[in-house]
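*Asks:* Heads up: the sequence lines are chains A and B, in that order. Mapping the first sequence onto our numbering, position 2 (from 1) lands on 2, and the numbers just tick up by one. Mapping the second sequence onto our numbering, position 184 (from 1) lands on 184, and the numbers just tick up by one.
The hints are simulated quantities; they were obtained by calculation from the structure and are not laboratory data. Since the model is a prediction, treat every value here as computed from it, not as a measurement. Keep in mind that a hint or two might mislead.
[To be verified] With the Cβ distance kept under 8 Å, some of the chain B side facing chain A (calculated, not the full set):
| id | residue |
| --- | --- |
| 1 | 55 |
| 2 | 57 |
| 3 | 73 |
| 4 | 76 |
| 5 | 78 |
| 6 | 79 |
| 7 | 81 |
| 8 | 173 |
| 9 | 258 |
Where is the CB? At the ideal position from N, CA and C, for every residue including glycine.
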Amino acid sequence: MPSVAFTQNLQRHVACPPCRVAGATVQESLEAAFALYPQARGYVLDEHGSLRFHMAIYVDGVPILDRHGLSDPVTEAGEIFVMQALSGG
Amino acid sequence: MSDHLLLSTRKGLFSARRRGAGAWALEAVSFLGDNVSLTLVDPRDGAWYAALDHGHFGAKLHRSRDRGATWQEIGVPAYPTPPEGHVGKDFLGREIPWRLMRFWSLAPGLTSQPGLLWAGTLPGGLFWSEDCGDTWQMVKSLWEMPERRKWAGGGAEAPGIHSICVDPRNGNRVAVAISSGGVWITEDRGQTWAAFTRGMRADYAPPELVEAPESQDPHRMVQCPGAPDTWWIQHHNGIFRSTDDARTWTEIVDVKPSVFGFPVVVHPKEPETAWFIPAIKDEKRIPAEGRVVVNRTRDGGRTFETLHRGLPQGWAYDLVYRHALDLDARGQRLAFGSTTGSVWISENQGDDWLTLAEHLPPVHAVSFA
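Could you build the full structure based on these sequences and the hints that come with them?
*Replies:* Following this line, the structure appears as structure tokens:
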């Protein structure tokens, strides 16, 4: 099962520790993670289900390509990391 | 009179309390480090609402039923999905996103409408909630109005609804003011809308658009609760007043040191009494001569007093945002906060001011509670 980890900066607002979920895509995996942490959804995705503008998701160290449909594939041992797209100093 | 003051700042929601005559002190902070864009104190049930703008994580809304001791995150408005092939751009060619960017106004319904809240947002959305903010629905008639596409970003990167006036005589009559996009009023709780900008002018617009409703950039609009035919607007290029229930507006001219500014408040029972905070227009946006002053009229704008006792009168460059001046429900106490983290309070309608704070984060909004 893929793992999903959320940036530590999000934990201040919503408790969402790392979890293992079922999913073959980023979208499926996040849906499963949001079932555990429903409040986290609005912090990561906008009202249309797209990744928020200043957020980023990496799968096994590679940024995802589909920021709207979140259709990037995830392997059984994949590691999904949800983070802020930091910029500036 | 209100003995409690809420200060929405770039780095938290600070509260202050009156300890005695002329003695106010900061006493608590909520959401320390977070960007609090706005606060609403609901006079019907005492609930407090705090709008947060987390940037990366989006806009959120929290409610407290114990005067800030604890907060609960509640629902936020959602924009509809754009129709297939939709293209919506502003006059600069920038795409107007169909998603919640920021809360820019919150207003309660009337006492006869318990639980009803209104929210104005960027970009140009109006929403209502019938359950104290737990769930929201968009007023689609305004969003789908063709003229809405002519609204432009004025005070922010997208057009925004910053003022919502629920008519105290009729809770289905609601007025909104937009930077920049004029003044629009519904008589039927959001089913239909009409522009109410007659008499306003936009001296920054192309000549043929000077009087167009969508060109008008009201910075802040208020309706006198006790005399609701009287309205005041601090507009981008002047001060306007209406005494016929917003049907026509009259420009107030020759106001010293400036007619430019952002906030306005009106006395709850004396419609001819209003307060403004002038600044040098608009390319500078600083107090004239480095002096922080408040303008007060008691005669409907025929004359103004420039109030300054207790305010810094040199080397002061505090700018006051549109929601950062408040008047208490009795019309006696005033407070305002600035972009440089100063907060001043008056207990005598602005004649004298005391300094509450000088080193807070930039102040977005001030509310008596």
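*Asks:* Look at each hint and say if it fits the structure.
*Replies:* Against the structure, the hints:
Proximity of residue 55/B to chain A holds as hinted, the smallest CB-CB distance being about 6 Å (cut-off 8 Å). The interface hint given for residue 57/B is met, as the beta carbon of that residue sits about 4 Å from the closest beta carbon of chain A, less than 8 Å. Against a cut-off of 8 Å between C-beta atoms, the interface hint on residue 73/B holds, since the closest Cβ of chain A lies about 7 Å away. About 7 Å separates the beta-carbon of residue 76/B from the nearest beta-carbon of chain A, less than 8 Å, and the hint is met.
Proximity of residue 78/B to chain A holds as hinted, the smallest CB-CB distance being about 4 Å (cut-off 8 Å). About 6 Å separates the beta-carbon of residue 79/B from the nearest beta-carbon of chain A, less than 8 Å, and the hint is met. The beta carbon of residue 81/B is positioned within 8 Å of a beta carbon in chain A (closest approach about 6 Å), and the interface hint is therefore held. Annotation: residue 173/B was flagged as interfacial toward chain A, and the flag is violated, the nearest CB pair being 29 Å apart, outside 8 Å.
At a threshold of 8 Å, the smallest CB-CB gap from residue 258/B to chain A is about 34 Å, leaving the interface hint violated.
When each numbered hint is compared with the structure, violations occur for hints 8 and 9.
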